[in-house]
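Listed here are the chains, written in short residue letters.
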Amino acid sequence: EDQVTQSPEALRLQEGESSSLNCSYTVSGLRGLFWYRQDPGKGPEFLFTLYSAGEEKEKERLKATLTKKESFLHITAPKPEDSATYLCAAHTGTASKLTFGTGTRLQVTL
Amino acid sequence: EPEVTQTPSHQVTQMGQEVILRCVPISNHLYFYWYRQILGQKVEFLVSFYNNEISEKSEIFDDQFSVERPDGSNFTLKIRSTKLEDSAMYFCASRGRGGTSPLHFGNGTRLTVT
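From first to last, the protein sequence lines are chains A and B.
Each residue of the first sequence is one higher than the one before, starting from 247 at the first, in our numbering.
Each residue of the second sequence is one higher than the one before, starting from 11 at the first, in our numbering.
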């Protein structure tokens with residue numbers, strides 16, 4: 247059974263305090279690893295897709311990296327508006343089924 | 011930027027009643043999905059739909075569930091006889107061509123079964 251695990255469950259940072267979120271996966275036939283941001287009461291918002299080990303993608307203060315077993319979302323100098331739940335999801339199979347982790351709830355305070 | 015829209019945003023229904031959740035995917039997308047998220051739990055895959063047929067479904071998607079694309083723009087999820095445990099946020103998603111193009115999600119319908 248495909249499994250995606252995220253840690254930590256919750257993270258509280260001060261503005262400017264950089265950190266990393268972890269996503270480890272055990273799936274058969276990974277076709278891509280997705281990162282999404284989810285605000286309360288909203289749907290997941292697409293951030294990145296990573297396809298192969300060693301790949302990196304960046305967007306503003308976020309950088310996602312991928313190894314054969316895990317992915318990291320690095321947040322550099324976060325701001326309060328970065329507060330959200332960050333979800334990772336493994337894409338497997340031919341129908342683009344995504345297996346999600348439980349997410350990391352990030353709170354950035356002033 | 012094009013987006014996936016879902017209606018209603020909140021639906022309250024009594025146990026045993028039928029509900030239809032509606033979605034308008036992004037217009038040039040070809041692949042459509044329903045996911046659900048029970049409060050405090052993971053987002054879970056329900057079903058994928060392509061070329062007017064189901065391409066994959068999960069164990070959750072039993073005979074009580076059905077999907078339909080009644081016209082060129084709408085995509086619906088029907089639950090025939092709702093149970094208390096169907097209470098969740100239901101998300102519609104769509105994606106375009108390309109094997110690993112990202113799924114774009116709507117903001118969901120919160121279904122409350124009483």
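Treat the hints with care, since some could be wrong.
Taking lysine-lysine and the BS3-like style, the derived pairs with C-alpha atoms no more than 25 Å apart in a straight line are [stated by the list, open to error]: (1) A/LYS325 x A/LYS315; (2) A/LYS325 x A/LYS305; (3) B/LYS52 x A/LYS315; (4) A/LYS325 x B/LYS93; (5) B/LYS67 x B/LYS52; (6) B/LYS67 x B/LYS88; (7) B/LYS67 x A/LYS325; (8) A/LYS303 x A/LYS315; (9) A/LYS288 x A/LYS325; (10) A/LYS309 x B/LYS93; (11) A/LYS314 x A/LYS325; (12) B/LYS93 x B/LYS67; (13) A/LYS314 x B/LYS93; (14) A/LYS315 x A/LYS288; (15) A/LYS288 x A/LYS314; (16) A/LYS325 x A/LYS309; (17) B/LYS52 x B/LYS88; (18) A/LYS309 x B/LYS52; (19) A/LYS288 x B/LYS67; (20) A/LYS303 x A/LYS325; (21) A/LYS303 x A/LYS314.
By construction, these hints were calculated from the structure, which means they are not laboratory data.
Remember, it's a predicted structure, so these values are computed and weren't measured experimentally.
Comparing the hints with the structure gives:
1. A/LYS325 x A/LYS315: Judged against 25 Å, a Cα distance of about 29 Å means the pair is violated.
2. A/LYS325 x A/LYS305: Holds: A/LYS325 and A/LYS305 sit about 14 Å apart, inside 25 Å.
3. B/LYS52 x A/LYS315: holds (20 Å)
4. A/LYS325 x B/LYS93: violated (42 Å)
5. B/LYS67 x B/LYS52: holds (17 Å)
6. B/LYS67 x B/LYS88: With a Cα-Cα distance of about 14 Å, the restraint between B/LYS67 and B/LYS88 holds, given a limit of 25 Å.
7. B/LYS67 x A/LYS325: Roughly 39 Å separates the two Cα atoms, so the pair is violated.
8. A/LYS303 x A/LYS315: holds (17 Å)
9. A/LYS288 x A/LYS325: Holds. A/LYS288 to A/LYS325 sits at ~20 Å (cutoff 25 Å).
10. A/LYS309 x B/LYS93: Status violated; Cα separation ~42 Å.
11. A/LYS314 x A/LYS325: The hint is violated at about 30 Å.
12. B/LYS93 x B/LYS67: Holds, because 19 Å separates the two Cα atoms, which is no more than 25 Å.
13. A/LYS314 x B/LYS93: Violated, at about 40 Å.
14. A/LYS315 x A/LYS288: At roughly 29 Å apart (the allowed maximum being 25 Å), A/LYS288 and A/LYS315 break the hint.
15. A/LYS288 x A/LYS314: Distance of about 31 Å is beyond 25 Å: violated.
16. A/LYS325 x A/LYS309: At roughly 15 Å apart (the allowed maximum being 25 Å), A/LYS309 and A/LYS325 satisfy the hint.
17. B/LYS52 x B/LYS88: At roughly 21 Å apart (the allowed maximum being 25 Å), B/LYS88 and B/LYS52 satisfy the hint.
18. A/LYS309 x B/LYS52: Distance ~23 Å between A/LYS309 and B/LYS52 Cα, so the pair holds.
19. A/LYS288 x B/LYS67: Since the Cα atoms of A/LYS288 and B/LYS67 sit roughly 24 Å apart, the hinted pair holds (cutoff 25 Å).
20. A/LYS303 x A/LYS325: OK: A/LYS303 and A/LYS325 at ~19 Å, within 25 Å.
21. A/LYS303 x A/LYS314: holds (16 Å)
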